[in-house]
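These protein sequences, in sequence, are chains L and X. Under our numbering, the first residue of the first sequence carries the number -9, and numbering increases by one thereafter. Under our numbering, the first residue of the second sequence carries the number 14, and numbering increases by one thereafter.
No lab work stands behind these hints: they were computed from the structure. Note that the coordinates shown come from a computational prediction; the quantities given were computed from them, not determined experimentally. Mixed in with the good hints, there may be bad ones.
[Claimed, not checked] Distance condition first, Cα-Cα at most 20 Å in a straight line; then the derived DMTMM-like pairs of lysine to aspartate or glutamate: (1) X:K158 with L:D12; (2) X:K192 with X:E247; (3) X:K192 with L:D154.
[Claimed, not checked] Some chain X residues close to chain L (C-beta under 7 Å, calculated; not the full set): (4) A117; (5) A340; (6) Y347.
Where is the CB? At the ideal position from N, CA and C, for every residue including glycine.
These are the residues of each chain, in order.
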Amino acid sequence: MAVMNNVEAVRATLYDAMKADDRTLILGEDVGARGNVFLISKDFINEFGPDRVIDTPIAEASIVGIAVGMAMEGLRPIAEIQFADFIYPAFNQIVGEAAKTRYRSNGEYTCPLVIRTPYGGGVRGALSHSVSIEALFYHVPGLKIVAPSFPADVKGLLNSAIDDPDPVLFLEHKKTYRLIKGEVPEGHYTIPLGKADVKKTGTQLTVVSYGLYVHWALDAAAQLESEGHSVEVIDLRSIRPMDKTTILESVRKTRKLLIIHEDNKFGGIGAEISAMVAEEALFDLDAPIRRLCAPDVPAMGYAEPLEHEYMSSPALMADAMREMVKF
Amino acid sequence: MAKTDTQGSAALDKRGLTDDQLRAMFRNMLQQRQLDNRGFQLNRQGKVPFALGSEGHEAIQAGAAMAFERGKDILAPYYRDLGLSLGVGLTPYEILLSLFARAADHNGGRQFPNHYSSKKAGVMSFSSILAAHIPHAVGAAHAIKMRKEAGRAVLVTCGDGTTSEGEWHESMNFASIHKLPIVMLVENNEWAISTPLHLQMGQPEIWKRAEGYGMPGRRFNGFDPIETYANVKEALDRARSGGGPTLLEGTCYRFLAHSTDDNDMTYRTREEVVEHRKDDPVPRFERVIIDNGLMTIAEVDAMKKEILKETNEATDRAEAMPYPEAADLYKHVYEGAWQPWQ
């Protein structure tokens, strides 16, 4: 097994997909000669040519729109939005078109499309290079949303997304890109969409998270462990569909639920998880469900204190976990 | 622009069309008019909740459809393309299934009428969101280019209103950069629901924008099916042979209100509509057909009767078909059975 960071895992998976299937192509801003701003597709254009690695004009609506048309006509496009913050001009193409192609044509046309985009903060990315976008899209039937946080999961889930017959929004937390390293199995493998992973087992509290915060939650859980408390940490990995089975099994065991995400609280992913657990397992709970999320402000600021105030931290997570296990 | 007219001249310039093709275009135009009327009739009878007419677009659509190669080309239409859809192979029965929102309709009664699509006929699925389909057509054209499928092209259509959308611009730009096999046909009927051309654009000749994109642009009289055919054929042939995209603007007029839910007398005058009716492409082309000896008056009358009979039969047959079932609401969200929670 090779050790890779998340950038290398995305790159290796994309490369294999381009090699394996000549219907696959990549389009987006600066993906060709520049090889993507994080160098994910560096040199791809030399090997696969400009028809399959397309440097597009700066026009996000048509990056996705053109990819939708390619998918409808039998190609397997992987569209890239350079930063998730830039996805808003493409909102209609994702929500109004890609997500509804199969449905509105009664199955005659399909849209096997992957939209990859780096999201998230903690990198001094300011208002427009830091946002989390998942809550804007997870309301939409017809879309699938994936947000892995470990290199081995990145590979398995990106392979599944590329193979998937429906549109998948593939979210890559940019702070994890080079920060997080891990072993990645050789060869082609897939991890099913909609399957969470228990990254640490525990008995006193269930923590559900995704993205960068899974890593911080694991740090916090290790701290709690050293204090004699046992915390279970679930990495959702997929946001739509979401793994109810794993969450409920864990909550019924620990009887307490803490949801942690970087996106703001109101209407976020945690709201749906809370509602589901309240509907299905309220009487199994020994404490109110708690959500540790970003404040209700438009975005994190560029200035260090503004970013710091917006983001959580392993210490803040440990505080919340401590309160929950002692409840 | 001055109206070029193929009518009344000493010898009809057929622009390479055979007599059979000319008669087929005429039949398509008559069929459009009949089906258009049928939609409005059914709405007034309370049998369908909504209908949308293409009256005034008959010639441009009959001509463009004749230039389309069935089984090869791809059509990405918009919602005022009844005649184009018929012209590339959809049947009156399929049109009526859409009007009645029946289960057997291509989109299973999910979409508004007039949103015709058919994978078999090469007609791409589209929504009601204007210009959203133009990048789809560009993507399809890229697929043709990437797979090196010589002799194929995409025909994408829209009204004048759609040319204000950003995605229209983005698509023109991308198609030009990559010299894609695509023809952008604008059916300029002068109205975006209630908004006239002068409130849609500062420069009213849409075809002139082609120069800014670096592709050929042409404007022609869209009330003339032969002119339309010649222009669309030339552009499609260029696209099919690697010559890149073309922007075409066919001028026409929307004789009816935007839809059965619109009252156009709140924003335009009866006099304006009456003035344009003088150029109605259907009786106009009927005169061309008769004056040039392509059909006799008796043959035209017989064709009209035949189309009415066909339309009546298609209406009865479609009306008798079942609605989708309530359980169909849950199908085709994704491939296979589906729940957001796993």
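Results for each hint:
1. X:K158 with L:D12: 14 Å, holds
2. X:K192 with X:E247: Within the cut-off at roughly 16 Å; holds.
3. X:K192 with L:D154: 30 Å, violated
4. A117: 10 Å, violated
5. A340: 13 Å, violated
6. Y347: Nearest chain L Cβ about 5 Å off; hint holds.
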